[in-house]
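Chemist: Kindly generate the complete structure, drawing on both the sequences and the hints.
As they're listed, the protein sequences go chains W and A. Okay, so the first sequence: first residue is 859 according to the working numbering, each after it adds one. Okay, so the second sequence: first residue is 147 according to the working numbering, each after it adds one.
Don't take every hint at face value.
[What the hints assert, rightly or not] With a straight-line Cα cutoff of 20 Å, these simulated DMTMM-like cross-link-like pairs (lysine to aspartate or glutamate) come out:
hint, chain 1, residue 1, chain 2, residue 2
1, W, Lys871, A, Glu335
2, A, Lys349, A, Glu335
3, W, Lys1133, A, Asp151
4, A, Lys192, A, Glu202
5, W, Lys1105, W, Glu917
6, W, Lys965, W, Glu1033
7, W, Lys1105, W, Glu905
8, W, Lys871, A, Glu242
9, W, Lys1045, A, Glu202
10, W, Lys1105, A, Asp273
11, W, Lys1045, W, Glu1033
12, W, Lys965, A, Asp273
13, W, Lys868, A, Glu202
14, W, Lys997, A, Asp186
15, W, Lys1086, W, Asp1002
16, W, Lys965, W, Asp1036
17, W, Lys997, W, Glu917
18, W, Lys1045, W, Asp1028
19, W, Lys1058, W, Asp1028
20, W, Lys1045, A, Glu154
21, W, Lys1086, W, Glu929
22, W, Lys997, A, Asp151
23, W, Lys965, W, Asp1028
24, W, Lys965, A, Asp151
25, A, Lys246, A, Asp273
26, A, Lys349, A, Asp240
27, W, Lys1032, A, Asp151
28, W, Lys871, A, Asp151
29, W, Lys1129, A, Glu202
30, W, Lys1086, W, Glu917
31, W, Lys870, A, Glu242
32, W, Lys870, A, Asp240
33, W, Lys1086, W, Glu1101
34, W, Lys1058, W, Asp1084
Derived by calculation from the structure, the hints in this document are not laboratory data.
Residue strings, one per chain:
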Amino acid sequence: MKVKSVIYYKIKKVSVNVLIHLFLISVSVTCLLPLIWMVVSSLKTQETIFRDMSLIPREFHFENYYHAWIEGGFGRYFINSILYTSLVVVGIVVISSLAAYAFSRFKFPGRTILFIMFMAAMMIPIPGSFVPLYVLLNKLHLRDTSIGYVLCMINVGLSTSIFLLKTFFDKMPKELEDAARIDGCNKLGIWWNVALPLAKPVLAVVVVFNALNVWNEYVLALIIFDSKHLMPLQVALMTFQGEFITKYPLLMAGLTITALPIIIVYILMQKYIVKGVTQGALVG
Amino acid sequence: MRIKDTLENYAFVAPAVVIFSIFYLIPFLYVFQLGMFEWDGILPTKTFIGLSNFIEIFTQDKIWWNAMLNAGYITLIALTFQNAVAFLLALACDREIKMKNFYRLIFFIPPVLSEVVVGLVWQWILDGNYGMFNTWLRGIGLPGLAHNWLSDPNTALTAVAIVHCWKGFGWGFLIFLAGLQTIPRELYEAARVDGANAGQSFKNVTIPLMIPVAVLVGILTILGSMQAFVLIIAMTGGGPAYHTEVPVLRILASMRASSRFGYACAQGITFGVILVAISFIQYRFSKKERA
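Modeler: Below is the structure:
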């Protein structure tokens, strides 16, 4: 009797586990299959892509990537995206850490109200804010310029980054900064030499999140850039798709070029992304 | 010395405040001003028309409210289907099973991709003639179901909504999982000692402790899904015949296609107020729930 029930529980446990794994694996396959299909399609030719439905193509046409990179212009757009992403991320790290450090450590008139202002911006959605932004950038002669786009995107990431960094600085012990002050370090020196190095874990979250955000951004880039040579990848993909509706292998190569860096960064920085999502969720 | 000190402090926040004022505050106020004008975005003169834009939205703009319904439909599917899947996956990954980290890694790949990439890939998969999905349907013996998913008015919106869920469920999954992991294991232990079976401890321990997390995921889902539009631009562009139009897409169309900047701003304000109202109601609701 006892042996029987032990076996019964064992079988029950194993079958429950098998069912759970089946569920998890089927969802994983659903996640990965479209991306595998994207890569596979990028390796077929204009001829075979409409006929050959196999998951492993007979021939691998890696030259599609060369064509997409050179003739499709994706090389240019890729460099643009890299440039915008790095400029915005550097800008956000410097500007938001300066502000967050001041909000956390210094006392000055208007401190609370300014901080509340930044936090309110995080909560209040303004759908269609791209309309006045377009008008404003036109007036400032910043539309269709890289600097205009970079400044807009710095603003987009500012509130959340200030929030994350201020929360970290608030919990950070002040002893090291006091020691630096006694050694004759000024405020800027303490921020740079003491506070920033200690904040590395949050800075990683800030960097990764903003980098993903800028790389994937579409609508502001759409309304800001008219010149093709300034466009980042996301806008270029849509333009390419509109112009060459039938060039699917090249489009798929372009999509892979756009998605691959993100997936690599994600896999390498997974720890910080999970942290960012769960921390960001606590904001609400 | 005091003055120098204060000025130094302001210098720390100045860059952030300047950028924020120019690119957030001014546009924010500008929306309210422009909303009361008729303006094509080019001419130096704007015509003040008071609340006419808003009256037009509420009395004549059927496409706008239809777009609002479409967004509501997408949100409803995301709230139920997407979040149910996310919660079940989180439950499955919260126990001691192998490859937990692998699954977690995979589930968050769609959310890190851009909506343009996801939209264009799925558009290709759902293509009526050469799409993988139809080929697969024929392969498993359901050729009758194969058709052009994105240009059939009956299926386009649901197809878009499902892809939206595909892209978004990873967020809910991560937040649910983080929530489940904060539940102290001793509570389950205590429930078991008291003779509760798995179902009872789920009902009496897991569910009550997860309600605040569920409300949070709910708010994030509503705000995210109502405002989703880039995915739709990439998949259908709002077609066929306005069947997948959503509010932000209408705002973009008022601005770019119709050159009615004032009207676009009025639409933005209307939509923004609705969104704030929704999240406020949900917030109040969650407070009551907790009390």
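Chemist: Take a quick look at whether A:Lys246 and A:Asp273 sit within 20 Å of each other, Cα to Cα.
Modeler: Given that 20 Å is the threshold and the Cα spacing comes to 34 Å, the pair is violated.
Chemist: Is the straight-line distance between the alpha-carbon of W:Lys965 and that of W:Glu1033 20 Å or less?
Modeler: With a Cα-Cα distance of about 18 Å, the restraint between W:Lys965 and W:Glu1033 holds, given a limit of 20 Å.
Chemist: What's the verdict on W:Lys1105 and A:Asp273, does the C-alpha distance respect the 20 Å limit or exceed it?
Modeler: 14 Å, holds
Chemist: Measure nothing beyond the straight line between the CA atoms of W:Lys870 and A:Asp240; if it is 20 Å or shorter, mark the hint as holding.
Modeler: 19 Å, holds
Chemist: Given the hinted pair W:Lys871 and A:Glu335, is their Cα-Cα distance within 20 Å?
Modeler: 18 Å, holds
Chemist: Within 20 Å, alpha carbon to alpha carbon, are W:Lys871 and A:Glu242?
Modeler: The given pair, whose Cα atoms are some 12 Å apart, holds under the 20 Å limit.
Chemist: Hinted pair, alpha-carbon criterion (20 Å max): W:Lys1045, A:Glu202. Please report holds or violated.
Modeler: 55 Å, violated
Chemist: Does A:Asp151 lie within 20 Å of W:Lys1032 when you go C-alpha to C-alpha?
Modeler: It holds: about 19 Å lies between the C-alpha atoms, which stays within 20 Å.
Chemist: Tell me if the straight-line CA distance from W:Lys965 to W:Asp1036 falls inside 20 Å.
Modeler: 16 Å, holds
Chemist: With the threshold set at 20 Å, check whether the alpha-carbon distance from A:Lys192 to A:Glu202 stays at or below it.
Modeler: Holds, at about 18 Å.
Chemist: Hinted pair, alpha-carbon criterion (20 Å max): A:Lys349, A:Glu335. Please report holds or violated.
Modeler: 15 Å, holds
Chemist: Can you confirm whether the C-alpha distance between W:Lys997 and W:Glu917 stays at or below 20 Å?
Modeler: 53 Å, violated
The structure does not agree with the numbered hints 3, 9, 12, 13, 17, 22, 25, 28, 29, 30, 34 stated previously, though it agrees with the rest.
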